[in-house]
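A.B. asks: Same order as they appear, the protein sequences are chains V and X. Numbering (the numbering used here) for the first sequence: -12 to 499. Numbering (the numbering used here) for the second sequence: -12 to 499.
Mixed in with the good hints, there may be bad ones.
Pairs involving identical chains hold if they fit within one copy or between any two copies, as the list cannot separate such chains.
[Unchecked claim] No more than 30 Å apart at the CA atoms, straight line, and that leaves these computed lysine-lysine pairs for DSSO-like:
# : residue 1 : residue 2
1 : K42       : K10
2 : K226      : K286
3 : K395      : K25
4 : K306      : K325
5 : K10       : K27
6 : K10       : K25
7 : K284      : K226
8 : K306      : K172
Treat the hints as calculated values from the structure; they're not laboratory data.
Each chain is listed here by its residues.
Number of protein chains: 2
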Amino acid sequence: MKNILGREIPEFIEGYGNVKQYKGYLSNKDGVIKKDFKFKTISAQDSKLHTDLNKLMDKLPLKDGMVVSFHHHLRNGDFVLNMVMEEIAKRGYKNITIAASSIFPCHKGLVKMIEDKVVTQIYAAYISGPVAEAISQGKLERPAIMHTHGGRARIFESGERTIDVAFMAAPTSDEYGNINGVDGKSACGALGYAHTDAELANIVVAITDNLVEYPNTTIEINQTLVDYVLVVDAIGDPKGIVSGTTQITKNPIGLKVADLTAKFIEESGYLKNGMSFQTGAGGISLAVAAQLKNIMKQKEICGSFASGGITGYIVDMYKEGLFKALFDVQCFDLDAIKSAKENPAHITMSASMYANANNKGAVVNKLDVVILGATEIDTNFNVNVTTGSNGVIMGGSGGHSDTAAGSKLCIIVSQLVNSRISVVKDKVTTLTTPGETVDILVTERGIAINPLRKDLLEKFKDSKLPIKTIEELREIARNMTGQENEIEFEDEIVAVVEYRDGTVVDTIKKVK
Amino acid sequence: MKNILGREIPEFIEGYGNVKQYKGYLSNKDGVIKKDFKFKTISAQDSKLHTDLNKLMDKLPLKDGMVVSFHHHLRNGDFVLNMVMEEIAKRGYKNITIAASSIFPCHKGLVKMIEDKVVTQIYAAYISGPVAEAISQGKLERPAIMHTHGGRARIFESGERTIDVAFMAAPTSDEYGNINGVDGKSACGALGYAHTDAELANIVVAITDNLVEYPNTTIEINQTLVDYVLVVDAIGDPKGIVSGTTQITKNPIGLKVADLTAKFIEESGYLKNGMSFQTGAGGISLAVAAQLKNIMKQKEICGSFASGGITGYIVDMYKEGLFKALFDVQCFDLDAIKSAKENPAHITMSASMYANANNKGAVVNKLDVVILGATEIDTNFNVNVTTGSNGVIMGGSGGHSDTAAGSKLCIIVSQLVNSRISVVKDKVTTLTTPGETVDILVTERGIAINPLRKDLLEKFKDSKLPIKTIEELREIARNMTGQENEIEFEDEIVAVVEYRDGTVVDTIKKVK
Chain V
-12 MKNILGREIP EFIEGYGNVK QYKGYLSNKD GVIKKDFKFK TISAQDSKLH
38 TDLNKLMDKL PLKDGMVVSF HHHLRNGDFV LNMVMEEIAK RGYKNITIAA
88 SSIFPCHKGL VKMIEDKVVT QIYAAYISGP VAEAISQGKL ERPAIMHTHG
138 GRARIFESGE RTIDVAFMAA PTSDEYGNIN GVDGKSACGA LGYAHTDAEL
188 ANIVVAITDN LVEYPNTTIE INQTLVDYVL VVDAIGDPKG IVSGTTQITK
238 NPIGLKVADL TAKFIEESGY LKNGMSFQTG AGGISLAVAA QLKNIMKQKE
288 ICGSFASGGI TGYIVDMYKE GLFKALFDVQ CFDLDAIKSA KENPAHITMS
338 ASMYANANNK GAVVNKLDVV ILGATEIDTN FNVNVTTGSN GVIMGGSGGH
388 SDTAAGSKLC IIVSQLVNSR ISVVKDKVTT LTTPGETVDI LVTERGIAIN
438 PLRKDLLEKF KDSKLPIKTI EELREIARNM TGQENEIEFE DEIVAVVEYR
488 DGTVVDTIKK VK
Chain X
-12 MKNILGREIP EFIEGYGNVK QYKGYLSNKD GVIKKDFKFK TISAQDSKLH
38 TDLNKLMDKL PLKDGMVVSF HHHLRNGDFV LNMVMEEIAK RGYKNITIAA
88 SSIFPCHKGL VKMIEDKVVT QIYAAYISGP VAEAISQGKL ERPAIMHTHG
138 GRARIFESGE RTIDVAFMAA PTSDEYGNIN GVDGKSACGA LGYAHTDAEL
188 ANIVVAITDN LVEYPNTTIE INQTLVDYVL VVDAIGDPKG IVSGTTQITK
238 NPIGLKVADL TAKFIEESGY LKNGMSFQTG AGGISLAVAA QLKNIMKQKE
288 ICGSFASGGI TGYIVDMYKE GLFKALFDVQ CFDLDAIKSA KENPAHITMS
338 ASMYANANNK GAVVNKLDVV ILGATEIDTN FNVNVTTGSN GVIMGGSGGH
388 SDTAAGSKLC IIVSQLVNSR ISVVKDKVTT LTTPGETVDI LVTERGIAIN
438 PLRKDLLEKF KDSKLPIKTI EELREIARNM TGQENEIEFE DEIVAVVEYR
488 DGTVVDTIKK VK
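From just these sequences and the hints, can you work out the full model?
C.D. replies: See below:
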């Protein structure tokens, strides 16, 4: 059966269970329940400190079929997931569910554990590298669940899944579990994706390579949530943790897209005092920020906040007085980490505060303008950022669907044609973000406005900007690329794409 | 039947229910459950802002028998409890339970509501003034429940009681409910007692007289927890909110007690680098802090943290480098409020983080030395800070039992005899804090060590300090006061004294 987005979604998926069907991004208005969880109290007589992973593992109630969780703030420099999973595999446990906020190429060791049925289920908002490929090849026993950043908070807060043990990379901790991410040799900045795990896992193990005297005086996650503190030599490789300096695109086509985007925002009426803004760390997105910065300075516009993963470019805008505050769920570079430590109005937030649709109001709800990328976009403005042009998993929503749903103006920026492949399709390979939450596509060949946004169509009807329909952009691209071949898949479902409210917006099939 | 503290506690109390009996302060080592709660999600389209109490009240699902909560950070200057309860009374609701972290003389309007059965049940950690007297006179329909600061967090986190609506005084808020207590004309500092309510009430209403632009850049309680923001002219009277300047005692007997206490701490071995310390805002306690400050400076000792309600005296010690950090659940004066805003290592904490026995480790667990007061202490070192010499309620545990249980050295400081009344009794009128958690009594006539502390008895056996048994101190006092008359009570139980773990350590009877 087809859902309202035109995707074939079965009512039941083997290894996943019954499917909640998507009914529109605003359909789920019911009250929700934040679930109870059980934990052991720790008294003044108990010590939390351990220095030997092996001995600590002996104490934990590990078992077949358990759910273990990790956050991805150490990105492609993370040692913690590998360290812990190797020990779990060595001990012979099977049928483990990994709930990692994201999975990177550095986690390639998981592939063998997937093949050996040590790991049989994965939850993540973003998966790239060998693990993504292994999933697309059908190696994981049960379908992977690819949620959004806000959806992850919802899954655990609602009790839909329970985390047995959260293993939490902690760049700095004291012996009682007061943690921050801004100090230490493995500093990564904000720890937004770790909060839900800390708050709701039955057992929380903080793993640190920078033990400081009690009390750690900068606390993002506090002692009342942590059962054990394990000290190790290194939790990550600093080279992989931060990207060094994130870079504005130098590609002239990308710069053209950025220029058009900035002009569109200016003309849209959203660029005004009090505007809130989010952009990713991609080259075009950063170029948009650079353009906006100039316009805001010229026009003496002071925005309200910038949010999301924070980069040095956004920090600079904050320092120049263009934003009053930064809401930060993760830091992308060293400048952002430094700012998170030093600037009081650089506010670290949990993934739930950032993007969960089921709390009393996430930050994305207050977002005016968000700039997002796309691998594919269809003529209904549905976006794919999950699978590549070969149909293989290479990413995931992250905060894409969350910010699209919350923001007043969601702009997708992309080259129209890249390596002879068009970004606009009749139908996206995988549907990550519903088109009803996407307002604009900006390409070097023109700007398409979602017909649902009648207000913007009216506003831009006499604009000098190259406004086109998305069908026109598709035609322009098709003339350049020719008809593209459809990707062929097997019937087997290897991953389920969950929208932020837990409804299933798409499935991903095994590649041929 | 008598419990292990020698108190007669029935198995069942009318209007309270079945009684959990106290089995020792370390007896409750089981895992606990942090309870689920239901709430309505708020989407990007919803507004939280209200400017009319009346219209907001029309929206709330108010009902007979509901539980409404308040925090006491505005102390005797609070307008919020009165404002809300008057509106509830006007609307004719009955049988309301008030869960206020403390109740002060300014809340005297509640007495009529108690008489009219609008309010039939009260939870509080501290009650003074007309409401306390009304309870002792048996006017409240059901026994009041007098818990500890940490116990209050436990009651709601465990789901033992559910808060229907939390009305939360918010010295500063934006329109989406990002709150702090350090800014605005009604600034009160840390909002530690409000956290549990914000996290667990079904509906949270922030009431502010200082609405700032979104986002408020100093956030103690965030938007994901708040349903409505109500703007009013004034939430409190600044003169009642802070005590002005808290004062060191000038009474020579009090100074003698402080001097002996400081000497005792110095000789005890606890005064060393890394020591953590808490003291109240009472005149003798502050005098102890002043003495310790001199000794620490002289000996170049740097402590770890000071905790609790924070005063300007403690802030000064922090500024002089005598403590590395401050853990602050409430600010007692303007200097403390200013420091909470400005000093990064002045860390605001929730009541649960401060003192809850049922989380993964409260700050009191890390406390070395705490200085506490007493109205009465018996020869088993049980302490009363709940009722006065006339048997009438005039206080309550607050953090007394919590810090006594968590700390390594719990010292009670008091004049031995005051207004011809001895602090040492054969039996305390009301048992607030179990003697097994109290180590030392210091009076102007001598220092008594709890016989349970064999290590300290040994350490001080050759001390030049006036070490005595507590029975000796009782005799000295009795020679000065003569035999005191026992207070007479009716049979009716008007209040139940709950220990931090929810066991009942005592009951309070109606005064004759």
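A.B. asks: Next step is simple, just say for each hint if it's right about the structure.
C.D. replies: Hints, one by one, checked against the model:
For a Cα distance limit of 30 Å, the shortest separation of K42 from K10 qualifies neither inside one copy, at 49 Å, nor across copies, at 33 Å. Taking the shortest Cα distances, K226 and K286 never come within 30 Å of each other, neither inside one copy (39 Å) nor across copies (45 Å). In this assembly of identical chains, the alpha carbons of K395 and K25 lie at most 30 Å apart only when taken from different copies (28 Å versus 39 Å within one copy). In this assembly of identical chains, K306 and K325 lie within 30 Å of each other by CA distance both inside one copy and across copies; the values are 12 Å within and 24 Å between.
Proximity of K10 to K27 under the C-alpha cut-off of 30 Å is restricted to the inter-copy arrangement: shortest distance 19 Å between copies versus 40 Å within a copy. With identical chains, the CA atoms of K10 and K25 are at most 30 Å apart between copies only, with a shortest distance of 22 Å across copies and 34 Å within one. Taking CA atoms no more than 30 Å apart as the test, K284 paired with K226 passes in neither setting, with 34 Å inside one copy and 44 Å between copies. When the C-alpha separation of K306 and K172 is checked against a cutoff of 30 Å, the pair qualifies both within a copy, at 25 Å, and between copies, at 28 Å.
Consistency note: the structure conflicts with the earlier hints numbered 1, 2 and 7.
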